[in-house]
Amino acid sequence: MTAAAPELTTAPPREADSGHLRLDALTKRFTGRSGTVTAVDRVSLDVEPGEFITLLGPSGCGKTTTLRMVAGFEDSSSGSILLDGRAIDGIPPQRRPMAMVFQSYALFPHMTVAENIAYGMRLQRRTRDDIATSMRMAVTSMNLVGLEDRSPHELSGGQQQRVALARALVVQPKVLLFDEPLSNLDAKLRDAMRAEIRRIQKMFGITSIYVTHDQDEAMSMSDRIVVMNKGRVEQAAAPGEIYARPASVFVADFIGRANFLEAVPERVGGSGVTVTVLGRQLTVAAHPKVTAGATGAYLMVRPETVRLSAVTDAGTGMGVVLRSTFHGPTIDYEVETTGGTITVTEPGVDPREALAEGTNVDVSLDPERAYLLTQD
Amino acid sequence: MTTTLTDSGPSTSPEVAAPPRRRRSDLGVRGLIAAVAVLVAIGAVVPLVAVLATAFSPDALPRYTEFFTSWVDLAVLRNTLVLGTLVGLCGTALGFLFAFVQARLDVPGKKILHVIALMPIVSPPFAIATATVVLYGRRGVISNGVFGVEYDIYGLDGLVFVLSLSLFPVAYLGLLGMLRALDPALEEAAMNMGASRWQVLRTLILPLVAPGLVAPFLLLFVEAIADLANPLVLGGDYTVLAGRAYLAVTGEYDVTGAAVYCVILLVPSLAMYFAQRRWMNRKVRTTITGRPSGSVHPITGWARWPVYALALLAAAVILSLYGTVIVGSMTRVFGIDNTFTLDYLEEVVAGVGVEAVLDTLMFAAIATPVAGLVGLVIAWLVVRHLDRTAWLLDLGGTLGVAVPGTVLGIGFVLAYRPDRWIGPVHAIPSLVGGSAIAGGAVAIVLAYVVRSIPAGQRTAVASLTQLHPYIEQASTDLGASPLQTFRRVTLPLIRPALLTGLSYSFARSMTSVSTIVLLVTPQTKIITSQVLSAASTGRYGVAFAYCTVLTALVLAGFALIRVLVGTGAALQRTATSERQKS
Chain U
1 MTAAAPELTT
11 APPREADSGH
21 LRLDALTKRF
31 TGRSGTVTAV
41 DRVSLDVEPG
51 EFITLLGPSG
61 CGKTTTLRMV
71 AGFEDSSSGS
81 ILLDGRAIDG
91 IPPQRRPMAM
101 VFQSYALFPH
111 MTVAENIAYG
121 MRLQRRTRDD
131 IATSMRMAVT
141 SMNLVGLEDR
151 SPHELSGGQQ
161 QRVALARALV
171 VQPKVLLFDE
181 PLSNLDAKLR
191 DAMRAEIRRI
201 QKMFGITSIY
211 VTHDQDEAMS
221 MSDRIVVMNK
231 GRVEQAAAPG
241 EIYARPASVF
251 VADFIGRANF
261 LEAVPERVGG
271 SGVTVTVLGR
281 QLTVAAHPKV
291 TAGATGAYLM
301 VRPETVRLSA
311 VTDAGTGMGV
321 VLRSTFHGPT
331 IDYEVETTGG
341 TITVTEPGVD
351 PREALAEGTN
361 VDVSLDPERA
371 YLLTQD
Chain W
1 MTTTLTDSGP
11 STSPEVAAPP
21 RRRRSDLGVR
31 GLIAAVAVLV
41 AIGAVVPLVA
51 VLATAFSPDA
61 LPRYTEFFTS
71 WVDLAVLRNT
81 LVLGTLVGLC
91 GTALGFLFAF
101 VQARLDVPGK
111 KILHVIALMP
121 IVSPPFAIAT
131 ATVVLYGRRG
141 VISNGVFGVE
151 YDIYGLDGLV
161 FVLSLSLFPV
171 AYLGLLGMLR
181 ALDPALEEAA
191 MNMGASRWQV
201 LRTLILPLVA
211 PGLVAPFLLL
221 FVEAIADLAN
231 PLVLGGDYTV
241 LAGRAYLAVT
251 GEYDVTGAAV
261 YCVILLVPSL
271 AMYFAQRRWM
281 NRKVRTTITG
291 RPSGSVHPIT
301 GWARWPVYAL
311 ALLAAAVILS
321 LYGTVIVGSM
331 TRVFGIDNTF
341 TLDYLEEVVA
351 GVGVEAVLDT
361 LMFAAIATPV
371 AGLVGLVIAW
381 LVVRHLDRTA
391 WLLDLGGTLG
401 VAVPGTVLGI
411 GFVLAYRPDR
421 WIGPVHAIPS
431 LVGGSAIAGG
441 AVAIVLAYVV
451 RSIPAGQRTA
461 VASLTQLHPY
471 IEQASTDLGA
481 SPLQTFRRVT
491 LPLIRPALLT
501 GLSYSFARSM
511 TSVSTIVLLV
521 TPQTKIITSQ
531 VLSAASTGRY
541 GVAFAYCTVL
551 TALVLAGFAL
561 IRVLVGTGAA
571 LQRTATSERQ
581 KS
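If you read the sequences in order, they're chains U and W. Each residue of the first sequence is one higher than the one before, starting from 1 at the first, in full-length UniProt numbering. Each residue of the second sequence is one higher than the one before, starting from 1 at the first, in full-length UniProt numbering.
Bound conformation, chain W alone:
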């Protein structure tokens, strides 16, 4: 009887005894790996290596002693870490506030709150900073005009305010997902055993969510210390490492010094970034033994109103800032001379700004599909096809966010500004700087791609992990090659992730600034660097006009991507189930 033998040890059954034979990878897959690896190497690894090589060259070594004995430099380091910590705390708190209101409170207007909370994602980097100066600065329309105070917004307080508002959507989305994923039956079980709403919150929801607060904190920390745009506009004499490195390159032409600052900035960035990844990947302590059951019981008592009011206040601040951007782009000097004018918008879309708008659009249009595709391919290779080397590719793909943009930009300058000669052959022409080929366009597109890959990669990895391999195995089994399977089975199924990935990539390209400001040349103008020069010379109307146009372009891009990619079935399904829940 063969049926009774199943328990008698694995050695008797051949399919268990034989180790799974490693299939020789398909030629197409190998080609893909090579192409992706080359792109990541040129776009991220080489610049990073260039920075490290300069920073650890013999003449750079004394600079570390200088750095760690100079009070000025140490203050810069301390400033950076303080800024990261405060933005991490405030941004996470703000994200939690919005997520909690969204997921747990029985209050009106939650859909609008959701949209408001997501607005900073598509907004250009200087919009909030500039609007903050106009509204809440020393001569601010609200701070001075309404409350009559002369508040000095420049410095740490202004930076924390602006960066928290700009970066919190990431925390919000993550925490919202987590709160929604809590099995409502847990809450019902607690209530059922006599726990009041407050006790449910204290003994159940907060302890379960607490570990989840770490990841957004770390992520915001990384983003905050990497940010260059806001310190330039709003920092005042509060100097941070990113700004210091930028100044070393552009003001002091001290490339070695810049590289040293970069390395010192890289240490906490990479440490926090990889701590965050580790934290997210650790085994989640939840028991999912059946389908989640029960329904969410939103908080209905009076206690919801103070929390709601707090969220409304934050939403009002966000709205006031974006309102200022739009109104400011259409008034002579918003707050002082509120005459309606289309001069600034005209300058942007029909005057000197056209060049920047068209260049930016073109570069982003080239970079977005490339970044989206590369991100997707990396995700697919990582999740399905590479086992031992997967982490390396995954790592390479994420360098675009893990490495601060300023560092990457300086890396580009170091690696690609000089012409590279191999013997008499002009091997690599200069890609960066005044004499670069195509006016530096190649470097800019490359920077866009590298900075945008992680967005698509992250969503695709998440989506692919959920897709059961059997579905792809069924396709392979029917005779499809891995690439055919990818194109005909996998791609259609993860279309929603592709849509999100492309949208994020486009938004990131269009709004990217910290790498780009180091790469623009007189021949190529980019909107974000135009905003920077307008904002730092006090021409707020022009800055606002650029921001308005940029936001409009990003939203139009979203719509176009949606039409081109099509909305996936899964997205619609989610929408329906959401509706049924409410």
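Next comes chain U alone, as it looks inside the complex:
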């Protein structure tokens, strides 16, 4: 687990005791008839005030369970949750200063938009004027003006989403929780709402935990991404770091696309590790666990960092094009090499000018953008 990249923390500075969340070896075991399942396994995490953290992983990886433990809907089996240094484990959800935006939005169908937004504030026994002021601000900042007296079912999906967000914001939570809030929206709206959520979150500077299985969403919104697999944290780092220097084969494979070329680390030096790949010697960055001579090491190469060039003499190239797929902005090639079949993404050209299947090609890797890691 790596620390947050400070240069990417974009939230405004806040006082030290406002929304600092710490998970300490948080564990959740479910006991069913088929035995005990550890859904969340010793997850530790430090979330800075104002930070936007995404829990990312395939379904069943424990991300939602982690979020629900933070909210208080599930009790942890062991470990603890600390908010601003105080353990909040035994505190019921209604007394935790957090607000959640649900996947189904969970708008109260028997209340209008305004009543939905006012619900939490009324429970806080705030004055009528105070509620009205907060309401006005929320409605304005969320572009909901004129919809106050509508019923939730009269709203579009995006509007419902904004009401859910407004309802969560006005209770002034220390932590905002998002449970896959965009998965029910269509693609265009989803893009717009991503930007909207991020804008609002930065504006209020609220610590946020966002659960998603959509890597694109995670990459575009987060200060830091926590990649989870089988209940454990595989890596927690800024999106750029996760993409360029994944901590494991799982992370590399889950985030974006990756080729894995078997490589034997020959020499570990100050400028990187020297490996021989596809018959060429390269010096690349490597995961700290990689040692010289270790077996089971792989060079991770992103498809878009590879370049192909056709060679005219048959048998002299490093590989043969098996298949090409036109995507518009890009063309994907599958290339058979001595190190296995790799995928290469080239900027799009006219499909008629693409490399034909069966073409002999030279493959050039960019050592700056390759990363050496071990299998385990």
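Keep in mind that the hints are not guaranteed to be accurate.
Unchecked claim - A few chain W residues that face chain U, going by a derived Cβ cut-off under 10 Å, partial list only:
(1) Leu179
(2) Ala195
(3) Pro211
(4) Asp237
(5) His297
(6) Pro298
(7) Pro369
(8) Ala390
(9) Asp394
(10) Ala462
(11) Glu472
(12) Gln473
Please keep in mind that the hints were generated in silico from the structure rather than gathered at the bench. Each residue gets a CB set at the ideal place from its N, CA and C atoms; glycine is no exception.
Dock chain W against chain U, hints included.
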């Protein structure tokens, strides 16, 4: 570029511009419609028309003036409405209590409570009433024996007690379904914003459930005012319209008067019934934008115990009543002479009762598959094949519950007792009464069918509505005719609904009484009418024995239907997901 044209107005794309051409219906479908329509007409429409014709014949008209100027008659009307209202309120409250405990409380023994709450569905109509007299009446085993009071159970209080207990399962099932369908995320959202359990209940659950309380109230109202059995046994001098009409036919041989009472009973029945349907069909005010998420957080605090205790008390009362039925069938005079005896059961299964048992079984066995099938076919036609005329068929099918059984029975008497001659031809022989063909069996089976159709129809409509039409369209597209599609695709998919429908139909046939008491003849005996005569002459042991046997037969019938139909995949799926939830 054709792709950019999609937004340029519908007139350019031919599949939007052309109105959907109405397909000529398949011959098989038309045949089905005709068959079903004829059956519904003979079984429900003709009797109803016969009642209306008699009630609005010239010599009946002065009777309305008499009715509305007679204090006695007006009291009967008031009694009926008061009874309906009270049973609606109490039964709905009881149903809500059980549903709330089941869905929201973290308490032990909920599975058993569920079974207890469903017991009244399969019980014969007089069981609870008779057991109530024995346990809680003037010389009641509990009221007098334990508490030493001489409580007069006959009258409104006894009727409300018995009818609420007998009818509340419908309310319970409906409300349970509704509570379970509430998206748990709503509750979590409220908790998340600081609402306590009590605040969640007050601001969220109750307001969301409140509209749902109306439908069970109306339904129980209809059932309560239509009930004939309980007022006969337990009414005392508290007369209601159904009993009054019955008396007019059987005691006073005043058919015109009976028809007038029927019409006056029909007005609130039909009004409430159709109000209930409207209420259920109105657009539901919920937003379902994603899959429901989160988990139910049952109430765990001390506050659950008083609520639980209340439900346990009600369950204990229900158990005491059924226990009395079983014990009472095996003791000489339960509460007074508790000697074990098998005389009563023997009388029922090996003595004079055999005839009634066999007749009832045979008629119900004929009626159940017919009713189940007709209900299913109506549902299928209504949901899939008829657009403009669907409501008419749907309406015809539901007449069996919307029209009080007594009214239907009187309709049968009016329509089918006399021989019908067209010229010299003996067109329709008498179906009802002493000289009826087959001893009145035809009319009884017909009445069973008509009274049972709605049960199957309702479950099938619900199930078919959920089945996406694309599935059937895929079958049609592959070359299957509508009937082939129905048999090979639809039927297997809605098998659970068929199972439920058939079970309900069988239970309803076996326990049907208000129509049947008017149709039995010396040649055909029916268990329920035997219970009525035993109970009203104070031979409680025999009545209990009949009830016990009847309940056993209904349960055996359920098992048989289950074996014949097979449990559908959907049922099993539900069971598994239920298990995972808990």
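Here is how each hint holds up against the structure:
no.	hint	in the structure
1	Leu179	15 Å, violated
2	Ala195	5 Å, holds
3	Pro211	9 Å, holds
4	Asp237	45 Å, violated
5	His297	7 Å, holds
6	Pro298	13 Å, violated
7	Pro369	39 Å, violated
8	Ala390	26 Å, violated
9	Asp394	26 Å, violated
10	Ala462	21 Å, violated
11	Glu472	28 Å, violated
12	Gln473	25 Å, violated
Violated hints, in rising order: 1, 4, 6, 7, 8, 9, 10, 11 and 12; the structure is consistent with all others.
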